[in-house]
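Undergrad: Residue-level listing of the chains:
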Amino acid sequence: MELSGGEIVVQSLIDEDVEFLFGYPGGAVLHLYDAIFHQEEVKHILVRHEQAAVHAADAYARSTGKPGVVLVTSGPGATNAVTGIATAHLDSIPMVIISGQVGTPVIGSDAFQEVDMVGITRPCVKHNFLVKDIADLAITMKKAFYVATTGRPGPVVVDVPKDITDPAIKIPYEYPREITMRSYNPVIKVHSGQIKKAVDLVLAAKRPMIYAGGGVILGEGSAELIEFSKLLGFPVTNTLMGLGGYPATDEQFVGMLGMHGTYEANMAMHESDVIIAVGARFDDRVTGKLTEFCPYAKIIHIDIDPSSISKTVKVDVPIVGQVKDVLNEMMALIRMSESKVDEKALEAWWNQVKKWRAVNCLEYDRNSAIIKPQQVIEALYQVTNGDAYVTSDVGQHQMFAAQFYHFDKPRRWINSGGLGTMGFGLPAAIGVKLAHPDADVACVTGEASIQMCIQELATATQYRTPVKIINLNNRYMGMVRQWQEFSYESRYSESYMDTIPDFVKLAEAYGHVGMLIDKPEDVKPALEEAFAMKDKLVFMDFITDRTENVFPMIEAGKSHHDMKLRVAPGTPINRELA
Amino acid sequence: MRHIISILIENEAGALSRVAGLFSARGYNIESLTVAPTEDETLSRMTVVTSGSDSVIEQITKQLNKLIDVVKLIDLAESVHVERELMMLKVKTTNETREEVKRLADIFRGKIIDVTSASYVIEMTGTSSKLDAFVYALGEGVVIEVVRSGSVGMSRGEKGLHL
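Going down the list, the protein sequences come from chains A and B.
With the first letter of the first sequence counted as 1, position 201 gets the number 231 in the numbering used here; the numbers rise by one all the way through.
With the first letter of the second sequence counted as 1, position 134 gets the number 903 in the numbering used here; the numbers rise by one all the way through.
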C-alpha cells in the first residue's frame, strides 16, 4: 500500500493499536489532521491547550499501562507541550509525542512557528527524533513506541516537518513488526550473584523495611511485591509514586514515607538495618538530608535503570532488572534457603513499628466547624468504596489525597510526583475517564491548581467525561503558604489570590454541575449526590480551613527522624471533642 | 581524578549535543571533547576527558550509557591505555630566537609545518602533559596562538572498543 507521510503516521498509530490521540491542530500538522479525518480507528481528543493534551495522554498511560499518544503543531504548540513532556519524563511514563515542524527547506531560518523541538525537549525526553526523510517515517514511529515502552519507560518526541507529510508524495508502507536497535538493549538479565547477596542480607535482617516506588507499578510488579512482602512479613512503605503498588489497607503497610510520609514509615526507615528498595529512586523528597538517611541500614536496590542506582544514596547490593523478575528470583532463593527470617527479631521490630503507628500522626481536628481537607478525602474514600481513580494537582491537596485515600490497587493514584506540575489534575482525569468510562474518577485539586488548566472543562463537555472535581478551596496556594508559615515567619508573599472565580457558575457555564459545600456535615452527602450523577461532571467546591497544614513534615534539609508533627508524640488528640 | 571516556555513538545529527547537553545539564565537568566518524561511517567515536570523584564518574558513565544513541563506552582510566593529543602552535620568531625554538621543538619531537620571516607553526602530538610542558618551555611572550585537539586514546593490547 502506498501512503503519504501524514497517512503513514496515522496508519502507524493504528498498527500500534492506539485508541486515543490527544492533540490540537495547527499549520504544520494540517496534512496529518487530514489523514486523521479519513479514518475512524484512532479517536482524536481535541483539548483546549497542548499542555492538557500531554497530561491527558500521560494519565491515560498511567492508568492503563499503554503508551499515551499526543499530536501538536510546531512552534507554540510544541512549546506548550513541553511542561507535559517533562512531567511524564520525571515520572517515567511511556508516551509518544508527535510534533509538527516547519518544512525541511526552511528549518533553521526562523520560519513562522518554528522552534527547535528536538533541542528544546532533549533534556526532558527519553529520546527524540527529527524525521528528515519520508522513508524513515514508519521505522521512526516504530522506534519511538519501542523506546517509550521498554526498559525504564519515558516520553519520546517525533518531530515531523510539514513537507514529510505532503499528501502528494506517497511511498510503499509497511510497518515493521519488530525492531532491534544496536545502541539500545533494554532486556536485562538479572545477576544471580547479586540475588544471592541480597537474599543473605534479607534473611539476616533484624529491622527490615521494604521501600517500594513507582517502578513496581510501571513494571507491573505489584502482585510480586505483595507475595514477597507476605513471604517475609516485613513492613512496607510506598513512595508517592508507588501508592497502590502495595495495598494501603494491608496491615504490613506503614504508609507513605518522605517529606509528608507517616511517622511510622519515616521512623522505621531511620532505624532500619536492611532496606529493600524496589523500583524507587531515592528522590530528595523521600530521603531528606542525605548524610543522615537511614544511618544504620544496608541497602538493597532493585531498579531497571542502572543510573538510578547509587545516584544519590550509595547502596550495598545493586540489582539491575525488572522488579517482578528480581522479586521472583529472590523469592525462589528465599524458599530454597536453609536460613529463615529471624522471627523473634521481626516481632520485636513490629512491636516498635506499632508504637510509632500508635502516635496516629495523621490525626486531625474532627470537631472543626470549618471543613478540614482531610475530612473531604476520607469521605471521598468512603463514598467511592476506595475504588476510584484519583488524579491530583500539586500542593497540600495532593498530600492529603496521598495520605487519606488508601489505594489498594496499582494505577489508581495519578499524580505528578517528580515534576510537581500544577494543572495536571483535570486533564489527567479526562484521560483516565476516557480509558475507564465505567469507573469513578475524581480529580482532587485546589483553587490555585485547577485554574492552571481550567479550560479543559470544555474538553470534558465535548467528550462527555463525567469526572468529579474535588476542589479543596482554602483561598491560598496552600503548600506555599505552609512553607511561608514555617520558614518565612508567616510572610505570605503572593500565595493568596484576591480574585477567585465562582466555580459553581464556571462549571455551569461549561455545561457541568457546580456545587458549593461549606459545612462539614454536608461533605459526605454532597459527595454521595455528586457520584450518583453518573453522567455529569460535578465541580465540587469545598470551602476548607485555610490554616490547615500537612503533617507530618520533614522540613528541607532535615532527616527522617526529625519530623514536624501536628501533635507531639505521646500527647493524644482530645478524643472527647471528636 | 582525570578520566578519559571513549564512546561509540550513532553517527547521527544531534548525537554530539546529546552528550554535551548531558554534561551541562547534570553539572559534570568536561575538560575536552573530540568526535569524528570511525572506519564504519555509521558510528562516531567520541572521547571525553572529564574529572570527578568515583561516584561522579560512575554516574557519568551510567548516564552516557542511558543515552539511546550511545552504543558502547569505556573508561580508559580503568585500563592500561595510550593517549595522544595534537597541538598546533604559532610562535613568534626573530633572528635570535629562530634556532632556539627549532631546537626546542626537536627535543619535543615537534614538526615545523609553516615558516615565515617572523613565525613558525609547530605541529606536535603527545600526552596533554607533554604539550603543556612544551608551551611552558617556550616561555612567555612567544606564542601567537595555540589550537589543541583534546585527547584521544585507546586501550593497549588486542581488545578494542568496537561493535
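Keep in mind that the hints were calculated from the coordinates and are not lab data.
Quick caveat, the model's predicted, so the values are computed rather than measured.
Any given hint might turn out to be false.
Under the rule of at most 30 Å between Cα atoms (straight-line distance), these lysine-lysine pairs were calculated in the DSBU-like manner [to be verified]:
| id | chain 1 | residue 1 | chain 2 | residue 2 |
| --- | --- | --- | --- | --- |
| 1 | A | Lys344 | B | Lys831 |
| 2 | B | Lys841 | A | Lys344 |
| 3 | B | Lys835 | A | Lys344 |
| 4 | B | Lys841 | B | Lys831 |
Heads up, incomplete: computed chain A residues facing chain B, CB under 7 Å, no partners named [as the list claims (entries may be wrong)]:
| id | residue |
| --- | --- |
| 5 | His157 |
| 6 | Pro336 |
| 7 | Trp386 |
| 8 | Arg387 |
All C-beta atoms, glycine included, are put in the ideal place defined by N, C-alpha and C.
Undergrad: Under the criterion that the straight-line Cα-Cα distance not exceed 30 Å, is the pair Lys841(B), Lys831(B) satisfied?
TA: Holds, at roughly 11 Å.
Undergrad: Using 7 Å as the Cβ threshold, decide whether Pro336(A) counts as touching chain B.
TA: Because about 5 Å separates Pro336(A) from the closest Cβ in chain B, which is inside the 7 Å limit, the hint holds.
Undergrad: Assess, step by step, whether the Cα of Lys344(A) is no farther than 30 Å from the Cα of Lys831(B), and give holds or violated.
TA: Holds - the C-alpha atoms of Lys831(B) and Lys344(A) are around 14 Å apart, at most 30 Å.
Undergrad: With a cut-off of 7 Å on the beta carbons, see whether His157(A) makes it to chain B.
TA: holds, 4 Å
Undergrad: Can you confirm whether the C-alpha distance between Lys835(B) and Lys344(A) stays at or below 30 Å?
TA: holds, 19 Å
Undergrad: Under 7 Å is the threshold here; is the Cβ of Trp386(A) close enough to any Cβ of chain B for the hint to stand?
TA: Given a least distance of 32 Å, the restraint on Trp386(A) is violated.
Undergrad: For a C-alpha distance cap of 30 Å, please report whether Lys841(B) and Lys344(A) respect it.
TA: holds, 25 Å
Undergrad: Holds or violated: is there a CB of chain B closer than 7 Å to the CB of Arg387(A)?
TA: Violated, about 36 Å.
Of the numbered hints given earlier, the model fails hints 7 and 8; all others are met.
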